[in-house]
Amino acid sequence: MGARPLTLMLISLSVKLTAAQVDSVWIVPGGVVLGGDTIAALRFCDSPQFQAQNETLEAWLGPWVVVNGDSVDHVLQMSEEGEPPILVPAGGSSTLNMAMPSNSTHRLRSLTQRGDLLGLETMVRGEWEDFPHYEWNLNEWDPSATWSLAALEEVDETEPYVPRQFTINDLNFPLTLEDSTAHVQTSVGDVVLISIANHGRMDQVLHFHGFHVEILQASAHENRVGWSKDTVPVKKGECVVVKLETNQSGEYPVHAHNLVAVTNAGFYPGGMITIITVEP
Amino acid sequence: MKVLCVTCLTFLGISFGHAQLSPPVLFSEMNGIHFLEDGTALPIWGYGWTTDGFITLPGPLLHYQEGDDVVLAFHNPSPESHTIHLHGLDVDQANDGVPSTSFYVASGESTTYEFVATHPGTFLYHCHVTTTLHLTMGMYGMVLVTRSDGAIFENGPVVNQDVPLLFSDLEMATNLDPVGSFPFHDMRPDVFMVNGKSGSQLEEELIWTSPEAPTALRLASAAYSRIRCSFPSELNAQLWMSDGRAVPAEAIDSLDIYPGERFTVLIQPDEGYDGGFHAEFLHMIDDQLESTQWVQVKDNSLHPSNLISLQEPSVDWYPNPASDFIQTEVERNCKVWDSWGRLMFDGLIGADRLDVSTWPDGVYTSRAAGGKVSRFVVSH
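In order, the protein sequences belong to chains A and B.
Heads up: the first sequence runs through residues 11 to 290, numbered per the numbering used here.
Heads up: the second sequence runs through residues 1237 to 1616, numbered per the numbering used here.
If you're looking for bench data, these hints aren't it; they were derived computationally from the structure.
Mixed in with the good hints there might be a few duds.
As the list claims (entries may be wrong) - Computed beta-carbon distance windows for the label pairs: (1) B:Gln1524 - A:Val201: 38 to 44 Å; (2) B:Asn1391 - A:Ser112: 32 to 38 Å; (3) B:Leu1412 - A:Tyr171: 24 to 30 Å; (4) A:Glu93 - B:Asn1536: 53 to 59 Å; (5) B:Gln1532 - A:Arg211: 34 to 40 Å.
Just so we're clear, the structure is a prediction, and the values are computed from it rather than from any experiment.
Positions of the beta carbon are idealized from the N, C-alpha and C atoms, including for glycine.
Build the full structure now, drawing on both the sequences and the hints.
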């Protein structure tokens, strides 16, 4: 991996709206239909209008103004240890100044229960080698909990957590195949990179059919960088980046191998499944 | 898309003529039973060799040599469609065993899966039809690709034996009522196994080691749990491979194995070692410890020469297949179940023949008191 000298990621707090100079991202509440369930959701959106999928932030395009369109304050934090959290007051905004290390992928998440369980979590990607780059944001959902939170009620954390929807980029199979960042489309001999961030509360493990991938980053399994694997754990909160070089054409599934996570509302197939399409 | 060929292999045929088939044919069935530690007979689906005529949990070990051009023949006499997904072997789309992108093998049909075993290592195979259900019902097994020179990979360490250890679990309620088991999202396994065995059953999986050369533990998980193996320092455990590829060797005292992962760990305890290692099963959602299984490891010098004779043998039935009567050489107390787990006989069997003339055709499973499981076929 041709790593460049790392620069520290800097995040500063500002409550003054500076959207005229920088890109903005909005925190927007709404609702989506996942695998037959309607769930309440919070999303990072590229406009004040609610969108079903969180917007991935490309760090080199920052700084970002985060505008909070929700009715409660949110506290955001990058995945790095020691980075200070950022308060984004309800109806207000804060600025994220991100100078990300190159060749690294991170998470931006809400520290509140409301933000966590409603899916206010996204990927922040630094610059990587110049290959096509796909982004898989993994998450799981308990619909009833989302509606409690939408009604500004607390969810009892001592109750068993039983998610019934499992998503890649906030979509479950087969809709994942319509998402150009989830459905890998490449040609024999080409190289693609895939950043994977697990925003959920449970570990996941992805199995690649047809290919082994080289692990370029594994924030919770640092000793595995350089390993060649077909089954890749992604612990809760972890960011993993893999390099895929294809040597055969065809359509090859990639899916969670915790097989409850390949269901929609408990029915197979669904959940965390996508496809690698390789043209000859 | 491959063209399926329907062969003349019928269910009854499995019991008779398949011993002449070469290479061996793997088959799938949905009428097996598996005995839990407490003696409970649990329905399973799974794979077996047609020459044996019964399925096992896990399925038979598929063992190949590096570089083999493998042609795996598969027959499905079961009532539903199945496939074989060759997990980790990077086969092409046609042989991938995924119904939507490859093909399924319908009831009564046969096919072959073809691939080159390009890399030595530890792999899995499993059905990829309604995978969440078919896997927990038992449709999985291990694939082991080894080298003729005994090295675990080219220029890698030479081992004196390979010990396959396949971790898996199941939810009894699902196996007892697979049709009514939907939805799957709240599946919570309650039986935890190593090579299909739990607790005291694992005494049969005791690993004998030698201080002269390392033993390769071929660890794989078809479980719904995360497996955490804890290796005492006396085992001198070293991690060498994952998912059929070499990794930088490192001494380890614990190893997490997620569903679908495989590892090769070499152990080489000193002479006189008498111990083992724990395998903890942790739930994937809440990390709760569900079960701890104990795998025994002993040095060869402790091997009692009469150990085998101390074990109760299984019941040797003859004739097998039987049509009217069946009997055994030695008088034994035993139980016999049909393929649905119904008790067909419980009593003393020996010189007096057991009348099976009114029993339906099928595979029957017996277990003698204190002995092992054996099976026979009734065919009229």
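Verification of the hints:
no.: 1; hint: B:Gln1524 - A:Val201: 38 to 44 Å; in the structure: holds, 40 Å
no.: 2; hint: B:Asn1391 - A:Ser112: 32 to 38 Å; in the structure: holds, 35 Å
no.: 3; hint: B:Leu1412 - A:Tyr171: 24 to 30 Å; in the structure: holds, 26 Å
no.: 4; hint: A:Glu93 - B:Asn1536: 53 to 59 Å; in the structure: holds, 54 Å
no.: 5; hint: B:Gln1532 - A:Arg211: 34 to 40 Å; in the structure: holds, 36 Å
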